[in-house]
Each structure stands twice: as structure tokens, then as C-alpha cells.
Amino acid sequence: MKIRDLISFNSQLFARHRWRTGVLTFCIALGVLAVVVLVSLGESARRYVEQEFAMLGSNLLIVLPGKKQTSGGAIPFYGSTNRDLTLEDARRIAELPEVVRVAPIIAGSARASRQSLSRDAMVIGSTNDFVHARKLQFGSGTGLPADADRVYRQDAILGARLAQELFARQNPLGEMITLDGYRFRVVGVLADQGESLGLDLSNIILIPVKASEAVFNTQALFRLLIDISSVTDEQAVIDRIYALIKKRHQGEEDITIITQQAVMSAFNNIMYTLTGVVGLLAAISLLVAGILIMNLSLVSVQQRRQEIGLLKAIGASRRLITRLFVTESLMLVIAASVIGLALAQFLISTLALLVPAVPIYAPLWAHGAAFLVAVMTSMTFSYLPARQAANVAPIEVLQG
Amino acid sequence: MIKLQRVNKYYPSGAGRLHVLKDIDLTIEQGDYLSIMGPSGSGKSTLLNMLGLLDTIDEGEYTLEGHPTRALGEEQRAELRARYIGFIFQSFQLIDRLTAFENVALPLILAEVPTRERRQRVNRLLEQVGLAHRAEHRPPQLSGGQLQRVAIARALVMQPTLILADEPTGNLDQQSGNDIVHLLEALNKEGITLIVVTHDNAVGERAQRRIRMVDGVISQL
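Going down the list, the sequences are from chains A and B. Numbering follows full-length UniProt numbering, in which position 151 of the first sequence is assigned residue number 151; successive positions increment by one, without gaps. Numbering follows full-length UniProt numbering, in which position 188 of the second sequence is assigned residue number 188; successive positions increment by one, without gaps.
Keep in mind that the hints were calculated from the coordinates and are not lab data. A few of these clues could be false.
Per the computed footprint, the stretches of chain A lying under chain B, defined by three or more beta-carbons under 8 Å from a beta-carbon of chain B, are [to be verified]: (1) 301–314; (2) 317–328; (3) 390–398.
Some, not all, of what chain B presents toward chain A, calculated at C-beta under 7 Å [claimed, not checked]: (4) Asn49; (5) Ala78; (6) Ala82; (7) Gln93; (8) Ile95; (9) Pro107; (10) Ile109; (11) Glu112.
Virtual Cβ for every residue (Gly too), placed ideally from N, Cα, C.
Given only the sequences and the hints, what does the whole structure look like? Please build it.
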């Protein structure tokens, strides 16, 4: 039987059994849709995180106070401190030749008030190097004073929404606000950049790190961001920083340095695993569809025994009967997959339009994988019915 | 030419086995017109299945057009069936979802005959059985006599040397039955070997050679 004849023979069969064809198409399309949509969402999330990190630039080191003693485990995001990491440490690190910038950070939340209005905000005490490292942009005003790490100055930079909330349409520049009882003068307002790495930039207050020592009554830095020039050997710089801190902290190496790459690849690994697991769960729906194909096909073989007997009586070989049944489910699965893929693409595109902040998209490999899994499932599950059909004896044509 | 030599067939039945065909010896020449009659259970349908290569024989040898068939595998038997034998069934065995044309063309489709030639051969045969105007009708829209004509056209489409008809008039009224018998006889006159299995004496009597089966044994009349 030629391919064209196989296709038209099976098409007539589908036209005759509309209900069966409809149900199978629906199930397979749904399975394919689930695989593509879930995998795409996982992949989009991964890309989103990757993009956020990329905004930081690739030569950033993050120094955390404290050291986890177990080596080889996951990267510690928060360590426990023995000896504080201080501004003096930061200044010494900044003196290393490979280091371009060091942004010391003391962070906490405080209540920002102006007249009767007040609002909780994230307060970040740092220097202009932080502005550089996080690529902050100003809506109006200037950065922090140049001596932010040495002199206690009561200057503050407000996030866009915070400025809006506290000052409405007034110009906040030069106005005074209070942070947990400490008075600050507004010297700048950030442009609205939305969220970055889980930090809502529109609701922060940036103050000189020296001033934050007073506000939070501590000398311990929350962390250091170190920008190193791109030409240097990253590991060598890391080792020198460790050595420097060890010398300054009475021989204790009580800091943890993590690199941009390490954090990013850790995130990537997590996201890949998550996407894989979610995709696998979705593939189970295809497995269910496959079992349904098998059952309905077995029923169909039983119903068509006489027809199969006839085909054999008029010269059809076992191989041809097998091909007939395998082609039947292949055609069904291809048609259903195309429908499922189209629906998935439509859904993802719509979602991307609705949530422009996250780059939602359906990668081509998700389509390919879903299609491949669907085809393989149908091949696997149509094998048994096809073999049963091939086993029908030609004599069954006379059993009617 | 068809030659059966000491053919035996057994069916398993309970603890023992049923001896359905007993030492059948039969030679049928090309162009013969032969009827097989006998009561139910006499083995006449089994004999037809053997002749049509639909079932296997247990002992003896069946030679079809010079091909010994006993040792053949299923695929080779299918090939021989397609090449030499046209079947006509009591209940027509047409596929309901296909048109008359498509039903007749089915053996050609299985044999991968090119579309052009297919169309020519099917149209000529539908003309011959008087159904050219019904080519696009499906079986539920046709009468019993018309259905059997479609089935005859399908049996002829591969240009077989042998037509096996199993109760071809069994489901038809008198008039349609007669028409079908005349059609088959006309084919026989053109040189096709015709073997008819029937209950109906009136149909069976018309054949040149009449075989009676009782309890798995044949006797020529």
C-alpha cells in the first residue's frame, strides 16, 4: 500500500469514527500543550534570572561575612559571623591593584517619615560604587557624597515610588525626611527601574554607609560588592582577598567570597532541574494519552476483525496490516500534536503579552521534545494493537 | 489447475480432535465450473477455506497453479491469494465507509497498482457488472443484488484464475440470486475457474461438476 493510499484509507476511518478520533486528538493535544507550556515557563524563569544577573556585569565578587565550615556543599548565601567585616576591611580591599570598586553595604529596614506620612522602606547604606555596581539610574539629583565611607552625612536618595508616596507631586530635592528618628536631606531620586534580583528598587533609600552605621548602630557590613577589572585572573584576586582578610582578622578566614558565575550557575542548575521535573510530570499526561490510544485501538481491532480478515483474504500481508494500524496512530498523533503545539504557542504568546516584565517564550526545543515524546508514546502503545491486528487470521472474514 | 492430494484437516474439539476433511483427492482443471453441496457441518466450508488458502491443511498437499502450498508461510499465501483467487462471500464483506468504487479498488490499492491503471480497471469492471452509475455510492445505499455485484467486481479486479463463491445467493431474493448466478456463469465462460459452495440445489445443479460432501468425505455426482 502506498503512503498516499494509507493516508486516505486512515482518513476515511477517522471520518467514520469521529468521536473516537476527537477524544484521542483532545487527549494528545492536551498532553503536548502541558509539556510545552510547563517547560516554556520553567525555561522563561531561568532566562529571567540569568538576565537579572547579567545586568550586574560579569566581574562582580560578593563577600559575605562568616564562613561555612563544610566544603563542597551548596554556596552559602548567609554565613554566620565571628568577626565583623568592617569599612576598614573594605578600604584595604579597595587598595588591591586589581580591584576597581568596592561597595560596602549595611542594609536593614527603617521607617521613613515626612510630616504625617510614613512608610517602611529598605535602607541601604553604601557608597557611589554601589550605584555603579547595580547600575542605578537617577531621575533627579546626584549620587551619594564622595566621602560616604568616611563621613557621617545625612544625605538620602529615594526610590521612585517612595518619593512619590512621601512627596506626591512636590519636588523632594532638598527636603528633609526622618529615618527612625535620624534626619536626612533628600539629594536624589532614582529612576523607576522596577525590581532587580528580588530588590524592589523603587522602595529603597540609599544613604552614606557611614550614616547607616549610626542608624543601625553597627559596624558590621552586610556584604561587600567588589568589581574587579576583566583582565585579571579571578581566582588569584579571590585568594588575595582571603589572605588579606585572614591577616586582618587574627588568622581567621571568616569570610565567604562568591562569584557572579557561581551564583548564576547554581541558579541555572536549579532551574534546569525544575524545568526537567515539571516537563516530566507533564509527559505523564502523554503517557496516559498513550494508554488510551492502546485501549481504544485494541477495541478497534476487535471491532474490525472481519475487515482485517477481508484485507488479508484479498492479499494484505501481516506487515501491511501492522503498518496500517501504526500509521493510523501516527497520523492521529501528528495531527493532535500540531494542534497542541499551536495552542501552546498561542497560550505562551498571550501570556508574554500579559506579563511583559518576564521574558516568557516557548523555546523551539520544547516544541520538538513534546512532539517527539508524543510520537514515541504513540508508537510504543500502538505496537501491541497493531500486532494483534496482524495476528487476525484471514479466515475471520467468514465469521460474520 | 488445482490439485488436492489426500488432504486431511483436523480441528481440536474438547479432549480429542474433529476429523473435518478425510483424504480428499480432487483435481480441478482451468475453466471448470464446480459446485460443492452438502449439509451443515459436512466440511464444505472448510474445503472452501483450504482451496482459498484462508486456512492451512494438516496432511496431504494442495497445489495451486503449480505452487505446492502446504509448506508456505502466511505472507506467501497472502501473495498467492492476491494473484490467483477472487472471493465472493454470502454477506458480501464490503467496507461500509468506502464507496463502491473504493471497495472494488481495494485489492489494487493493497497491491500498489498505479492510480491511473486502477481507475481504468475498476471503471471497466463496474461497467461489466452494470453498476457504473453507482460507483460513488456506499454499501448502505445499495440493494443486496447490487452489493454482490460490487463484491464480484472486487473479486475480479486482480484478474484471478479462480473464483471461490461461498453461498453467493444466500442473502439475496430469487431474482437477484439468478442475476448473480448468470453473471458468474458468464465469467466462467470467459475461462475463469468457478467454485460455488451452496445449500441451494437449484444453484448447485447448474454446475458441470457437482460435488457432494458428507462427513468430510466427497463424492462426485
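Requested in this report: Just pull the numbers of the violated hints for me, sorted ascending.
Outcome: none
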